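Engineer: Residue-level listing of the chains:
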Amino acid sequence: MKLNHSQKKKVSLFIPCTVDLVLPAIGESTAALVRHLGCTPVYHREQTCCGLMAFNSGFRQQARRLARHFIEVFENDEVIVSPSGSCVAMVKQRYPELFEDQPDWQRRALALAPRVFELSQFIVDHLGIRDLGGACNAKVAFHESCSTLNALGIGPQPKALISAVRGASLVYFKGADVCCGFGGTFSNAFPDISTALVTQKVNAYIESQADLLVMCDPGCLLNIQGFLHRRHPERRALHLAEFLAESIREESKT
Amino acid sequence: MKDSSINSREEILTRLKAAARAPVGPRPVLPPAREYALDAAQMQKLFVEQLKAQGGVAHSVSDSAALRAKLAEICRQEGISRAMAATDEVVETLDLKAWGAAAGVEIFLASDFPERNAYTQAVFDQVQAGITGADFAVAESGTLVLVHNSRQPRLISLAPLIHFAVVPVQRIVPTYEVALEKIFSAGSYPSQVSLITGPSMTADIQATPFRGMHGPQKLVVVIVETW
Amino acid sequence: MKLTTRQFKQTARAELNDARTQKFLQILPQRLSALRQAAYQSFTDADATHRFGHAIREEVIQRLPELLEDFEKNALANGAQIFWARDSAAANHYIASLAKAKGARYVTKGKSMVTEELGLNEALALEGIEAWETDLGEFIAQLLGKPPFHIVGPAINIAVEQIRDIFLQKGVLREPTLDPVALGKAARQFLRSKFRDLQMGITGVNMAVAATGTVINVENEGNIRLNKSSPRTLVCVMSLEKVVPTLTDALHMLRVLCRSATGQKAGAYLSFDSGPRRPGEIDGPEELHIVILDNGRSAMYADPHTREALRCIRCGACLNTCPVYGQVGGYPYGWAYSGPMGQVLTPALQGLTDTGDLVRACTLCHRCKIICPAGIDHPSLLLYYRHQDVQKNPRLGGRGAALGEWLGHTLFSLAGTRYGYWRLFTKLARLAANRQRRGDWIHGISAYTQGWFQSRDLPALPEKSFHERWEESKKAEDKR
Chain R
1 MKLNHSQKKK VSLFIPCTVD LVLPAIGEST AALVRHLGCT PVYHREQTCC
51 GLMAFNSGFR QQARRLARHF IEVFENDEVI VSPSGSCVAM VKQRYPELFE
101 DQPDWQRRAL ALAPRVFELS QFIVDHLGIR DLGGACNAKV AFHESCSTLN
151 ALGIGPQPKA LISAVRGASL VYFKGADVCC GFGGTFSNAF PDISTALVTQ
201 KVNAYIESQA DLLVMCDPGC LLNIQGFLHR RHPERRALHL AEFLAESIRE
251 ESKT
Chain D
1001 MKDSSINSRE EILTRLKAAA RAPVGPRPVL PPAREYALDA AQMQKLFVEQ
1051 LKAQGGVAHS VSDSAALRAK LAEICRQEGI SRAMAATDEV VETLDLKAWG
1101 AAAGVEIFLA SDFPERNAYT QAVFDQVQAG ITGADFAVAE SGTLVLVHNS
1151 RQPRLISLAP LIHFAVVPVQ RIVPTYEVAL EKIFSAGSYP SQVSLITGPS
1201 MTADIQATPF RGMHGPQKLV VVIVETW
Chain U
2001 MKLTTRQFKQ TARAELNDAR TQKFLQILPQ RLSALRQAAY QSFTDADATH
2051 RFGHAIREEV IQRLPELLED FEKNALANGA QIFWARDSAA ANHYIASLAK
2101 AKGARYVTKG KSMVTEELGL NEALALEGIE AWETDLGEFI AQLLGKPPFH
2151 IVGPAINIAV EQIRDIFLQK GVLREPTLDP VALGKAARQF LRSKFRDLQM
2201 GITGVNMAVA ATGTVINVEN EGNIRLNKSS PRTLVCVMSL EKVVPTLTDA
2251 LHMLRVLCRS ATGQKAGAYL SFDSGPRRPG EIDGPEELHI VILDNGRSAM
2301 YADPHTREAL RCIRCGACLN TCPVYGQVGG YPYGWAYSGP MGQVLTPALQ
2351 GLTDTGDLVR ACTLCHRCKI ICPAGIDHPS LLLYYRHQDV QKNPRLGGRG
2401 AALGEWLGHT LFSLAGTRYG YWRLFTKLAR LAANRQRRGD WIHGISAYTQ
2451 GWFQSRDLPA LPEKSFHERW EESKKAEDKR
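Chains as they are written, first to last, in my numbering: chain R, 1 to 254; chain D, 1001 to 1227; chain U, 2001 to 2480.
No wet-lab data here; the hints were simulated from the structure.
No experiment lies behind these values; they were computed from the predicted model shown.
Watch out, some of these pointers could steer you wrong.
[Stated by the list, open to error] Partner residues are not named here, just some residues of chain D that face chain U (Cβ under 7 Å, in silico):
1. R1009
2. R1034
3. A1037
4. L1038
5. A1040
[As the list claims (entries may be wrong)] SDA-like cross-link-like pairs, simulated, lysine to any residue; straight-line CA separation at most 20 Å:
6. K2185(U) with E1078(D)
7. K2369(U) with G153(R)
8. K2479(U) with G153(R)
9. K1218(D) with V2181(U)
Note that beta-carbon positions come from the ideal geometry of N, C-alpha and C, so glycine has one too.
Please work from the sequences and hints to get the whole structure.
Structural biologist: Next up, the structure:
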């Protein structure tokens, strides 16, 4: 399963600002998985924010500033991996739009795009690995983050990785592919609609009888976890990277 | 009013043409519709299935004698005593006035009315059914194609509560394209072509299905095997 | 139609608390989506069919002026009369004058979103001409003075009791009943009295074929066919993007339109009109007038971003798949077009000043883009509108940037360009947020974030960021 040393490659970690500041465990799990795969994680300390929030709010000038910084930091890397579907979609799909009037930057953005991967996409599609090992006796519900599933077209990859964990079983979850109501600033600007959506999501999770709710995007996680803490503190939601890294740790203990 | 239109036309087209536009690339490949692979019997079967799925009724009869008998039977069941008929190629050959006299159904033709208002009153209020042929029957969706002209008035298949359509079996075609290419290949186009798939339907109140909202409540298609 | 989009949030809140709305939203969109999905299985290759439809609409928007000229030429050859309307006032004036010239005391109408956009009923009323909606749902919505709840079921959420009451009040119904079928029958009888002796009928247009000058309508009730068959004068109003190159293209788009709208392979009635009735025909219009409406579209066309919204064929598939529509229904969108369809069309046609919330009422989930049979990239367009709103686009207007928000994004982005600034920023952010912490969680920060905290907590920001942890572990490693 591990890559042998001749293949050992450097993987540049693209850590979203939410992960850096609020959910650092996701970043550490990502780094651990990269090591587990026999690759060497590289972290550019100069990285900041990809500009997603400014872009989605209509502040393109500010987003461009951050995007230029991102490109400068990452453009010499061969493989860039992030535990966030929405940040990856921003870099791969929105940067070219953002620089539609700046051909030089657009060219650099387009050159960078194919080297940026969402974590599960990197493992399954790029490395061709579907089984990371690991053990976890749990029924797992998987929330399909919109940016991951609909913008990047990544659906089977994370589920394959979950299914390969010994003892873990994916359970059906009604509306798994419907938005959790996060939408970045949407959750703050339209709290009534956002709350209705996250309520629907969480109710379906609870009805599914699953032990855990796993997802690929820190944004969805902040939303769902924050709602669970308020209303159903006994319930757990976590990021795919954390789930996989925990499962691997668990297996190595036994 | 004319000036306003002419000025607006120039203004609109000029603005549209002034915009930077991208060239149109080639269309992607589209595999042919499944229905082209069907033989006559399969097409007929599909037509009937699709028609039924949309709430239509289909009967199949051997020839025009059997057709007359079938029509008489249905009119008895439905209590139809007055009907308006088209005079299209199909229906004209049936001599429906004579048939009606025997079957106890008074048959009206559009030509029985001296002018439009009287015809409209009759087709809206006095007849219980409309009887038409069909130019084509499309297998892909169970759809009748009616070309409207002086022999195929529009309201006969629309205003009465029951619409009988007589379809010679060889008029069943796989797709809309086959039918419409024939209809539109002539030099001038018909004023109206109707594609009819099932009875008039709505579910606008509480999503409760209701047939016969404005048009026919029942669509009865009789396929004639030998024509 | 009056634009009430400015009240998006208030209307949305009311609809979230409306049991009847919620009941229908639990059923209708999912059911229509499932029917659509099933109906697409009949295609040899559903994906290829989807893409082919995109290519047709792409060609339409790129060749729009030439296609309109072809359409006009061929429609005139068929004997139709063409009126080009710059805006709603011109279109309404033309139609009202025509009705007066024909001595019509009232007109009937087939369901059409474009005449809702025109506010035609109100304009005709000012001229003393009654306009009767004849689609059952539109008829009910009209009597109640409500905008359409859903493009396919404009009044599907209205309680039978309310329908009974309004029908009794307006003389549609004589004996009270709560049976939907009986109510439908009463409407049939009432509207028949309008159709029977009709001077003028008005419909929209689903497609206009450039190569043949033919206008096509899709429906299930038969009211549009009655509108096109019964009157002496027929007016078909088409927004200019309705044109398609050929009859074959129209048939392709009809297949995807019907499946996308209601999950049917074909609506009960598809009618193709090429000119008025011919000599010797006893019914059908003596005159066919086709109104080609701009109303802001040629300006929308000039901008290659907003041009994309002209691909829309009004099927409603995006409504049925949209999570936001699925919670709030059609009313908050506040105009003729609701759901993602409305979110891309309304700002382009009405400007951004009143639609700033509309273009933000989206989680960017991309489901509309995936389902759209016309190939619209709604998320990209909504992001464009947000940017134009912040920028105050010269044509579309906009609210501009709120000072606090502008300052926040600007400082954030400046901090994000330098290592030192960013480390300082993260420390300050942590300090500020954690001042409100209670244990490991934060339950509220400031008035600006109260939306988030309405239903959610936020984990307290950890003592050390990922960055700090990484640097420490690196140092420890180096020591070893």
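Engineer: State for each hint whether it applies.
Structural biologist: Hints versus structure:
no. : hint                   : result
1   : R1009                  : holds, 4 Å
2   : R1034                  : holds, 5 Å
3   : A1037                  : violated, 9 Å
4   : L1038                  : violated, 12 Å
5   : A1040                  : violated, 20 Å
6   : K2185(U) with E1078(D) : holds, 19 Å
7   : K2369(U) with G153(R)  : holds, 13 Å
8   : K2479(U) with G153(R)  : violated, 43 Å
9   : K1218(D) with V2181(U) : holds, 15 Å
Checked against the numbered hints above, the structure breaks hints 3, 4, 5 and 8 and satisfies the rest.
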